[in-house]
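> What follows is each chain in one-letter form.
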Amino acid sequence: MQTPASFEYERATSVDGVIAALKKRGSGARVIAGGHSLMPMMKLRLAKPEYLIDINDLTELSYIREEGEEIAIGALTRHVELLNSELLAEHFPLFRDAEQVIADPVVRNRGTIGGSLCQADAAEDLSAVCSAVKAKAVIRGADGERTVSMEEFHVGPYTTAVGAGDLLIEVRLPLRAGAGSAHEKVERRAGDWAIAAASAAVWMDGGKIAEAGIALSAVGLTTIHLSRAEQLLKGKAPTDELFVEAGEIASTDCSPSADGRGPVDYKRHLAGVLTGRALRRAVSRALHQEA
Amino acid sequence: MAVVEQNLPSPETERPIGFGRLKRKEDARFIRGQGTYLDDIRLPGMVYGAILRSPYAHARIVSIDTSKALAHPKVAAVVTAKDLETLGLAWMPTISYDTQAVLAGDKVRFQGQEVAFVIATDEYSANDALELIDVEYEPLPVVVNARKALDPDAPLIRDDKIGQRDNLASPTWEAGDEASTDAAFAEADTVVVRDIIYPRCHPAPLETCGMIADFNPQTGQLDIYNGNQAPHAHRTVYAHVAGLAEHMIRIMCNDIGGGFGNKVPVYPGYVCAIAGSIVAGVPVKWVENRTENLTSTGFARDYIMHSEICAKDGRITGLRVDVIADHGAFDSTAQPTKFPAGFFHIVCGSYDLKASHVKVKAVYTNKAPGGVAYRCSFRITEAVYLVERMVEALAVEMGVDPIDLRMNSFIAPEQFPYETTTGWTYDSGNYAKTMRVAMDIAGYEDLRREQLEKRKKGELMGIGISFFTEGVGAGPRKHMDILGLAMNDGADLRVHPSGKAVVSISAQTQGQGHETTFAQIVAEELGIPPEDIEVRYGDTDRSPYGLGTYGSRSTPVSGAAVAVVSRKVRDKARLIAATMLETRPEDLAWEKGRWYVKGDPEKGAMIEEIASRAYSGEPMPADMEGGLDAQVIYDPPNLTYPYGAYIAVVDIDPDTAQVTVRRFIAVDDCGVRINPMVVEGQIHGGLAEGIGIALMELISFDEEGNCLNSSFMDYLIPTALECPDFELGETVTPCPHHPLGAKGVGESPNVGSPPAIVNAVIDALHETHGVDHVDMPCTPARVWAAMQGHAEPPQ
Amino acid sequence: MKVSISINGENVSRDVEPRQLLVHYIRETPGLTGTHWGCDTSNCGACVVLMDGKPVKSCTILAVMSEGHEIATVESLEVDGELDPIQAGFHEQHALHCGFCTPGMMMTARALLDENPDPTDHEIRTAISGGICRCTGYKNIVAAVRWAADHQAAAKQEA
Ligand SMILES: Cc1cc2nc3c(=O)[nH]c(=O)nc-3n(C[C@H](O)[C@H](O)[C@H](O)COP(=O)(O)OP(=O)(O)OC[C@H]3O[C@@H](n4cnc5c(N)ncnc54)[C@H](O)[C@@H]3O)c2cc1C
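Residue numbers (the working numbering), protein chains in the order written: chain A, 1 to 291; chain B, 1 to 795; chain C, 1 to 159.
I should point out that these hints are in silico values taken from the structure, not numbers from a laboratory.
The structure displayed is predicted, hence computed values, not measured ones.
The C-beta atom is built at its ideal place from N, Cα and C for all residues, glycine as well.
Hints are supplied without guarantee of correctness; some may be wrong.
Here are the simulated BS3-like pairs of lysine-lysine, each with C-alpha atoms no more than 27 Å apart in a straight line [what the hints assert, rightly or not]:
#1 A:23 to C:2
#2 C:2 to C:54
#3 A:48 to C:156
#4 C:54 to A:24
To spell it out: a stretch of chain A is covered by chain B in this simulated footprint if at least three of its residues, at any positions, have a beta carbon under 8 Å from a beta carbon of chain B; those stretches are [said to hold, decoys possible]:
#5 138 to 149
#6 229 to 236
So that you can see chain A by itself, here it is in the shape it has in the complex (with noise of 0.2 Å):
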């Protein structure tokens, strides 16, 4: 079997420790949450730490509620969390959608939404549903916290806003009222990353979309914000062709390329197609006329 190189372990016991331990181990040091993006880059010895500092016991970091106009998840909330969650499925039901069809339900078990985000893997589905429904990332580092859009949380392929020296605290959603949401995902087989995935949030008023958050999966170097598309759906009634139109951005404005999933054309195809087919039902739940 595969095994891991060697490395030294501590068991962090608190937020300002891991920041602290961070610190003191410099570029060598990396933070565990679920391990499952870590621990097999490590096995395949893709990943070499030399200093391991698990979260895990951060329970503090484990959460899912209502504070005021948002939502709050701790960055350690497992995948399986976020699937059950019905304050989720409430709001921001594409979570649901996309964490029925992430990994299997063994590695829900364990992965967590810290790990997924600052994984930063291009075919990742959680940074597009976060991308989509304009979540706010926290981080803490040395110098205290801040909080960044997902846009500038995306820096490039792996990159992050949270650097060597930081940890991800929670990711915040923003609750607004005609709210509607979907992830749509074609894989190649159940449990495995997408081919290309598309995560859309309508926000509806008065029969129009006032504002709408689209963001794809594995069609790029990085999770790619469809802010083109977002332009042209604000304000207008939502029609099947507008959807049609809205794909079409997505297939030119994705930047995919040919792997063992697909070709280019294939991915721009699906981008497309699943950017039609998840605002779709985005606006038929907010408009509660889902079917």
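Please build the complex by placing chains B and C with the ligand on the supplied structure of chain A, with the hints as guidance.
The following block gives chains B and C with the ligand in isolation, referenced to the frame of chain A:
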């Protein structure tokens, strides 16, 4: 007569004495986590091996520096080709009379090839040490495409072979008759031509391959723990390779976590473990990781086929096939000696053809060697896939229902035994009957109606048919051998004084349930309850010689051996019973478990009474030794020819091109079913593999020869969510030459299902999208490309 | 580094490297070899054990990370010579051939029934979709879990 009745076989009861749905004996340990798989074994003083593999598909090895690895405190030794040369172990023979480097010395010929073997005190350190070995490579041009391998300017892969000037691995091999095939095509009214690829895939058993070699320098005894499908044949090979005395080698196969052909060959890692133990004088364990399994041990298929099929007056009449077999860098395909393309020439299928002609040539490429039969009898999967795809294409071209075309062209029941145009003698069959059972279960007419209605609504649904005939149970010694070893199997039956028995066999279960079914055969023949019969196998010191389990040969060959050896014991028991009952043997009749006097059924002797007598001080028949044992080696007179009718129903998402197998109907005729529960289990498992091959399982390479499917992240195997609730049916046409009327079944579902699924995909798309061909695996991307009219074959 | 884990209710302790995977710790320290491994990439589920009652892939968790948690392996299913309904179901419904995936499948199924005593076939298939079985085609595994659910319910009613 109550006793006798109790002993009658009762297939439908929960605890049959003979044939029937007996729950498996082996389950008791497995459901408790008490199986003993290779990696569960730890011997005192054992050290761990790990293999450094080539990152390049083709490169000259300039230098290997092992000094840093050797300096690692936990490393005991690092073995390279140079060290093996001194032991005469640098190269080893393959099953196909080629040679394969155990560790590469001159150059590497595929990505993942074995370059150095590290021995350390624990597995983690062995893995660490691999990173400390420096190898300098000089990359060479790579050829991964079999068609390009024969180009005059293609890089020469096997420059180690004297006289080898090109990448041809074996000369063209032919079957059938070219002239009469030309004639059949000349007079045909419809001809269809297709290029069809059966892409490279991998058996990928859940337990990877591995070995513990334990050489005792004092005694010269070599104990080997290894999960392989043919322990006796392996022992003979090791005797040749390592120059050790065969009787001083003992191979012990304990529980095996699946094989499916992957555990037939001898691998370089095994030879390394043996060499390591000889050098180090302690037991050496080597277990491959999943990437090693997928990239270096026993792949399957990789056949590139050009084919033409023709029909006249509504019947299929002729078939022409021209194949390029891609063997990778070494020819280690698993075939009987005289059959370089295995049994591929069974490609004429279940049809009464006028003529057929098959040509196969094989090439070397810079890909991993293998060519094992992934749950199939020697290339029959490729053959069945080809003919069933061609028949479907022909039906489409003729505008007839694919079942009608098959029905019109089947070999008729009265034609059996039937000699095919490529030289097989099919033993028995009633194909139309089996096809009809499948149609009934499927509700074929209703499905066609549903399809029409869905099509009107823009939904894509496809119905795919496949009808296969397999030839399994290799094989008659007059026709076939592997490495000069007859493909026979031994059985040794000992009935103890208490009437309990041990039967030792040379077949090697990897999950097929031999401990149960083989006990049932003895039970059926002798009336001893199966729980009183111990089935022994897997230990070359405790089982008779034979060629093992693959090619669905366990029941056809080893099962026959057990039936025959049981009957031998029964015959001896008759003579003893005659003495006991003071009558003549010819006056006795047999009923399950008991010889009794004809005309006086109350007077008889149970098998355990006879056994007790055989070992007692009481007199035996004249000139007869005591005891109640027998031994046989079974040489099958012919293969057995199981067949089946499969129907797949698929739905395709018109926008994303995702294929869902909604229903799968499998009607198998494998002759008499010893344990129907086990037979059905085999069929379920093979169908899942067939779905995998048809939809997702693929080993592919980029232009540089990098394997693109080297872990389970990219070598996709179906989960429970891709498999429908399989619908099974059966017909029973007993095999006329098998003592139990049984035919093999283990591989039928893997052989029969891929064409049904691909035919269904094409059936869904032909009318609306004009699709008339798509290669496997039918991934969403490939199906979508086909729908756009530009499907690319897999690379 | 000294690592103590409660495995099947017993506290096990040993000096191991921090990098040791839980699957190796289970197999080597108490010597419970019923938990297998089949891949390196967390895809196959042969290594599934329960951690605080939930199925997890023990090849993707470090032994040190498991300190303070309750681990249950296949060896815990049978209690005082009485098979768990899941074990009985696997035997009754012929849900195993080679037996290699069986421990992981059974532990996953056990956790499912603990959470959802009357799952639909689709829920069963979803629950076990993190595991690969190469032999059974899953049909009989689904039947076995169904069997266990029914027998468990019947036993409860009797009690
Ligand atoms: C078989 C399999 C299939 C999968 N399929 C999918 C899929 O379809 N879709 C999908 O989206 N994902 C998939 N995943 C990934 C899965 O969702 C992971 O759980 C997730 O990506 C990582 O979460 P984790 O908690 O396990 O992170 P870890 O592996 O613990 O960490 C990942 C990275 O994030 C860092 N990190 C973790 N938490 C924090 C924090 N709070 N602050 C700062 N840095 C942090 C770590 O240092 C590490 O670099 C799959 C995983 C597996 C094993």
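> If a hint holds in the structure, say so; if it does not, say that too.
Now the hints, each set against the structure:
1. A:23 to C:2: Holds. Residue 23 (chain A) to residue 2 (chain C) sits at ~26 Å (cutoff 27 Å).
2. C:2 to C:54: OK: residue 2 (chain C) and residue 54 (chain C) at ~25 Å, within 27 Å.
3. A:48 to C:156: violated, 50 Å
4. C:54 to A:24: violated, 35 Å
5. 138 to 149: violated (count 0)
6. 229 to 236: This one is violated; 0 residues, fewer than the three required, reach chain B with a Cβ under 8 Å.
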